[in-house]
Structures are given as structure tokens and as C-alpha cells.
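K.L.:
Make a model of the complete structure from these sequences and hints.
If you want the building blocks of each chain, they are given just below.
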Amino acid sequence: MPSNKSVSDAPITQFINCRILRDNELQREDLWVREGRILDPEKLFFDEQGYADKRVDCEGSIIAPGFIDVQINGGYGIDFSQASEDVSDGVSFVAKKILEHGVTSFCPTLVTSPPEVYHKVLPQVKVHDGGPHGAGVLGFHLEGPFISAEKKGAHPEKYLRTFKSGGLEHLMEVYGSLDDVAIVTLAPELPGSQSVVRELSQRGITVSLGHSAADLSQAEEAVQQGASFITHLFNAMLPFHHRDPGIVGLLTSDGIPAGRAVYYGMIADGIHTNPAALRIAHRAHPSGLVLVTDAITAMGLPPGRHTLGQQVIEIQGLHAYVAGTKTLSGSIATMDMCVRHFKQASGCSVQEALEAASLHPAQLLGISPKKGKLDYGSDAGQSRLHLYFCLPAVRAAVVPPLCPQRFLGCSFGLFSWWGEGAV
Amino acid sequence: MRLVILDDYDLASEWAAKYIRNRIVQFKPSADRFFTLGLPTGSTPYGCYQKLIEYYRHGDISFKYVKTFNMDEYVGLPRAHPESYHSYMWNNFFKHIDIDPANAHILDGNAQNLEEECQAYEQKIAEAGGIELFVGGIGPDGHIAFNEPGSSLVSRTRVKTLAKDTIVANARFFGNDLFKVPTMALTVGVGTVMDAKEVMILITGAHKAFALYKAIEEGVNHMWTVSAFQQHPRTIFVCDEDATLELRVKTVKYFKGLMHVHNKLVDPVLSIKDQ
Numbered sequence: 001m002p003s004n005k006s007v008s009d010a011p012i013t014q015f016i017n018c019r020i021l022r023d024n025e026l027q028r029e030d031l032w033v034r035e036g037r038i039l040d041p042e043k044l045f046f047d048e049q050g051y052a053d054k055r056v057d058c059e060g061s062i063i064a065p066g067f068i069d070v071q072i073n074g075g076y077g078i079d080f081s082q083a084s085e086d087v088s089d090g091v092s093f094v095a096k097k098i099l100e101h102g103v104t105s106f107c108p109t110l111v112t113s114p115p116e117v118y119h120k121v122l123p124q125v126k127v128h129d130g131g132p133h134g135a136g137v138l139g140f141h142l143e144g145p146f147i148s149a150e151k152k153g154a155h156p157e158k159y160l161r162t163f164k165s166g167g168l169e170h171l172m173e174v175y176g177s178l179d180d181v182a183i184v185t186l187a188p189e190l191p192g193s194q195s196v197v198r199e200l201s202q203r204g205i206t207v208s209l210g211h212s213a214a215d216l217s218q219a220e221e222a223v224q225q226g227a228s229f230i231t232h233l234f235n236a237m238l239p240f241h242h243r244d245p246g247i248v249g250l251l252t253s254d255g256i257p258a259g260r261a262v263y264y265g266m267i268a269d270g271i272h273t274n275p276a277a278l279r280i281a282h283r284a285h286p287s288g289l290v291l292v293t294d295a296i297t298a299m300g301l302p303p304g305r306h307t308l309g310q311q312v313i314e315i316q317g318l319h320a321y322v323a324g325t326k327t328l329s330g331s332i333a334t335m336d337m338c339v340r341h342f343k344q345a346s347g348c349s350v351q352e353a354l355e356a357a358s359l360h361p362a363q364l365l366g367i368s369p370k371k372g373k374l375d376y377g378s379d380a381g382q383s384r385l386h387l388y389f390c391l392p393a394v395r396a397a398v399v400p401p402l403c404p405q406r407f408l409g410c411s412f413g414l415f416s417w418w419g420e421g422a423v
Numbered sequence: 001m002r003l004v005i006l007d008d009y010d011l012a013s014e015w016a017a018k019y020i021r022n023r024i025v026q027f028k029p030s031a032d033r034f035f036t037l038g039l040p041t042g043s044t045p046y047g048c049y050q051k052l053i054e055y056y057r058h059g060d061i062s063f064k065y066v067k068t069f070n071m072d073e074y075v076g077l078p079r080a081h082p083e084s085y086h087s088y089m090w091n092n093f094f095k096h097i098d099i100d101p102a103n104a105h106i107l108d109g110n111a112q113n114l115e116e117e118c119q120a121y122e123q124k125i126a127e128a129g130g131i132e133l134f135v136g137g138i139g140p141d142g143h144i145a146f147n148e149p150g151s152s153l154v155s156r157t158r159v160k161t162l163a164k165d166t167i168v169a170n171a172r173f174f175g176n177d178l179f180k181v182p183t184m185a186l187t188v189g190v191g192t193v194m195d196a197k198e199v200m201i202l203i204t205g206a207h208k209a210f211a212l213y214k215a216i217e218e219g220v221n222h223m224w225t226v227s228a229f230q231q232h233p234r235t236i237f238v239c240d241e242d243a244t245l246e247l248r249v250k251t252v253k254y255f256k257g258l259m260h261v262h263n264k265l266v267d268p269v270l271s272i273k274d275q
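Protein chains in written order, with full-length UniProt numbering: chain A, 1 to 423; chain B, 1 to 275.
Think of the hints as simulated: they come from the structure by calculation, not from any bench. Note that the coordinates shown come from a computational prediction; the quantities given were computed from them, not determined experimentally. Heads up, the beta-carbon is just placed ideally off N, CA and C, and yes, glycines get one too. Treat each hint with caution, since some may be false.
[Unchecked claim] Here are the simulated distance ranges between beta carbons:
hint, chain 1, residue 1, chain 2, residue 2, range
1, B, D267, A, D53, 33 to 41 Å
2, A, S8, B, A206, 45 to 53 Å
3, A, A276, B, D7, 52 to 60 Å
[As the list claims (entries may be wrong)] Reference excerpt, derived from the structure (chain A facing chain B, CB under 10 Å, subset only):
hint, residue
4, D30
5, P41
6, E42
7, D47
8, F240
P.N.:
Here you go:
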């Protein structure tokens, strides 16, 4: 049949025999794509009188929106917090590799560092869309340095900071620029945090609570000022206590302003969080769960010893230890492993597991489309169109079929396609 | 008239689909000579569409050189609304076959000028050389398309206000809320369908039995507009047992006795693979 020419000459691909994650369920529908955008097939048929130029048989696979990793410190030997000259090369390298795990957008994460590192690293990487060359960058996640000394975890103590008067200006001095920053993790109990949280939120930056010894009322106050995320729930915060649930209490708090939601990151590698704790959190607040890898430099490297910066790490299976010890030195699970483990541990459906790694982080960052329309980016004026599944105009992103198919023992396969010219 | 009686809905759907298939294949449509097909919507033809899709998937028919003209569409219902006839046709038929979108015609219930839209539709049918086979259904009030009781039997494509019976019957698709059902529709006229070379009416279910009785055992009457086809040279009524419940035993026996003749129209069933 002659190619449709009324709107665009670009070829249209129709994916048949697939299941699409749409409207919170897996639907047996075909997917129509042109130039990296999903088309409304009814509009295509009746308005444009167009049809597919090519059909691809998915053999029953699931087409899922690309995963979004909002906390990833590096991988494959690359450490994002290193102040090197070629940060953007490192980010691009990791961006390409994580496509294999289904991640199509991410927030390169910087741990607590001195100002020189921020000033050097931040300007080198801009927010940009993904493509066949690699996952898109949604902006940096700055985890620290405004965190609690008591809950610093593996962050270097000497670079921790407190808020000075002047709020945001001081932040700007430390970070240099907030232009390409998507998330800032801070401890709300630090004096002066309220105005910082408020100002960051107003700028469209997601404020996350983490590495903190805050109690529930301090956490609620921060949420009222605009905070909307919790960095790796349970880790680096006060444990849940029945008379003061701390930050964990935000999951069921009645102090959240109407119309707002609190999301929480979970490292579902089976190591950082006991599956029972994962289930408690999930059952308490299923729609807020955001899967993150919090992957470190060693992620993606083969088992054995590796020297990374100042440390020697030993990888055994999914564990990364400080060499010669049993001290965990970070997470090396990939996002697809996390999705799989989360589904298995929580007993949730395939659709919920996929949404925890795609829809929820998109909602967190304010880039998920409402029904029938897309949310555009922040004041920076860049449109952060994202990978999503609804009609009409969204980008589908998926994983090359060469990566592990048939997850979970059912036909849960992530399928891949990038159109020619997709940005 | 041929009255083809099958045991149940599935068999009736299959018979009808085989007939349409044979007609298209025999016609040998090509780029110079399209097969024009009139199409209905609703729960009755659903099974028939499913069978046609199955035949297409097996490679036995192609809709590449078929032009379709649907009977009707609601006025004022957004095209993307799940209950619009555009949605119905897309989801239940067009999506699954190889018809060229330019050849699938449905009245536009959201056109700026509804009268012009109706006239243009008649024009398109004429330009396509008329309808070779018009497939239709019947309402419980005996209407064909939206030609409600009292419609002129020589009417053309126009705007119609729906009868209460029709609105009530359709409420089930609008959450059983009568106020949500559109009150007007664009429809081909009785005369428009009568112009087709051949007409096939699908009637299944006991709730249609009385209408079928009125349509074929009583006189031609504008209160039961399907009765107009008594005056068409080539009409086939395809129905299931339940739809015959209000007919005289004599009528049913006569036509059942003719099934061996009727079945020659669908047996052997033809395929483009053999051409």
C-alpha cells in the first residue's frame, strides 16, 4: 500500500502480538510508532488515513515504558562524583549500558562532595533526551552535603554542611549551579532547611529527605514546604518507632497537604532492605513506591576484585563488599533485577512492578502525562518529554531483545524499539 | 427474499461471514474495480466481523480493494468516544484488516454542516458506483439503520432524531443513563439501502423476533422500515432460531427446507489463495 503522506513521510511501525502497559493494566493491543512517538491509531486511520509501513511481531512480549532510575551513582567503573575532565563521557557510557537493563532515563547522582567537585561536574552534563545512544539525563540528583552527620552512611564526614543564612544563595555557592539539577536530598532537621526546601521546590527541583535523623513532625514540616521524596527508605534514617515513626511515618502521615503525594525510593536488591520491610512499606503506601538502584561504580563489573578510586571492592553475586570484609559498600543490582525482585518479594502484579520503576518516578519528577496530555518540564524551559505509554504523543522506550527475556518465569519480556530519528 | 435460518448466533454469524467472503472473492476486486460494502454496527454483526477478521488472518480474503460505507453515526458524540461508531468500526474491524483508510467511509456526526455531510455521503456512494452488498441489522422496533418508525421508505441519508425505544435499547452502552445517550444520528435512508444491488440483514435473538415477523410476514409499512426490503430484488435475511420465534411455523419450515439451496451460496467457501 502506498505510504501515508498527509502528515509526515516518516515510516510508521506497528507492533503486533504484544501486551502494552497502559491505563494501569496490561492490554492486548497493538502499538503504533512514528519517529519515536506513539500514535493514536484511530486518529491515524480516520484523520490521516494512514497505516503501518512495517509490522513487528512481539511474540507476546510486554512493551513497557522505559525505567527511570532517580538514584544511581555510577557503574561499569564510572563514578559520577569524580571531578574529572570527561564527566559527560562517563555519564554517556553508563547511559548506554543501562539501556540494557530497561532504564531509559536517569538522574546521575552525586554523593556528598566538596564544592570544587560540584563546580566541575555539574556544568559538564545537561538535561537531555535519550535515544539509541543511551538513556536520557533528567538532571542530577545531589545527595548531600546538607545531611545529618549522625546518618551520613558512607558519605565523607568532612564535606558535610549545614545551611547558612541566605538559604538558596548559599546552596548556589556550594553547588555552583542548579540548572540541571532534578533532585536534592537533604536532612530537614538542619536549621534553616525550611526556606531552602521551599525555594528549591518553587524552582521545580524535587526535594528529598534522606540521611537524616528527623522525627515525623520535622519530616511533615518539610513536606509542607514542598519536599516530596524520601531517599532510600529505611536506610540512613531513624528506624520506625511506634511513638515516633520518623521519616518512615510519612508513608501513612495525615500531615501531607491535600493533592500532594510523598514518594519513597526503595533499593529492592534483596540486600539493602529485608523483604518483610519492603512489604510493609509497599502495603502501607503502594502508589508511592519508586524503585531505585543506588548503584555504585562497581555495578556491571564482573565478579572479583576491582580497584575503584581509593577503595578495593569485591563483587560476589549481588553483593559488593569492601575487599576482605563483609561490609557492604553499595548496591550493584541493576534496575531490571530490582523490578524482578520487587515483584517476587511483594507479590504484586507485573503491571505494578513495572509502574514502580516507570510511572511512579515519572510522577515524582512531575513528568508523567495526565490523561491525554503531557506534562512539560520546569522553569528551565526545556521540555522533559518522557517515556510513557499513553496516547497521544509519547516516546516508547524499551530494551534490546538481547537482554534477558522471560523474567519472572512468565512472559515478562521487555521489548525494544527506537525509531530512526528518535531523539 | 431468502430467509436463512441457523441454529444459533455463532452459526448465523459464520454463515453471513462466509457469504460476504464468497461475494468478495468471486467479484475479484482490483484497483480499477472496487467491491463496495455497506456495513452495520451493534452487537448483532460482531460475530460476523470476528469471522471476517479470521478469514483475513488466514489469508483467504483481502480488503485491499474493498470500499466500505457504514450506515450511521451518532450526532455530537466525539469521534474518540468509545461508543461512537467510528470507535466500534476501528476496534472491531478496521484495526484488524488490510483496508485502505481512504476507502473506509463513515458519516461524520461532528461535521459543521450535517445536511451537507449527508449529501456528500450520498455523492460518495454514487461516485463509488453504488453499493454491491449492503449488510444491515434490525432494531427491536423494526428499523433499518436509524430509520425509525415513520421514516419515509424512499428516504435518503439525513439527520434523524432517535426514538425512545432506540435510546432505551442503547442506554446499556452509556452506563444505563438515558441522558447520556445521543438523541440524534446521521443515517443512510431506506431508499439509500434499497439502491444497493443486494441487501443482507442479520437478525439474531428473541428480542428481535417480533420485528422480524413484522418485517417479513406483514405488509410493507413505514412503521417497520425493514419491511421495505420486501420490494428489493435481492434480499437475504440471516437469522438464528430465536429470531424466528414470532414467525408462523409454515414460514419457518418452508425456509428451513430450502437450506440445502441456501448453503450452496457458502459451500464451497472460496479463497483468494486459490485464484
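K.L.:
Hint by hint, note whether the structure agrees.
P.N.:
Results for each hint:
no. : hint                       : result
1   : B:D267 x A:D53: 33 to 41 Å : holds, 38 Å
2   : A:S8 x B:A206: 45 to 53 Å  : holds, 51 Å
3   : A:A276 x B:D7: 52 to 60 Å  : holds, 58 Å
4   : D30                        : holds, 7 Å
5   : P41                        : holds, 7 Å
6   : E42                        : holds, 5 Å
7   : D47                        : holds, 9 Å
8   : F240                       : violated, 44 Å
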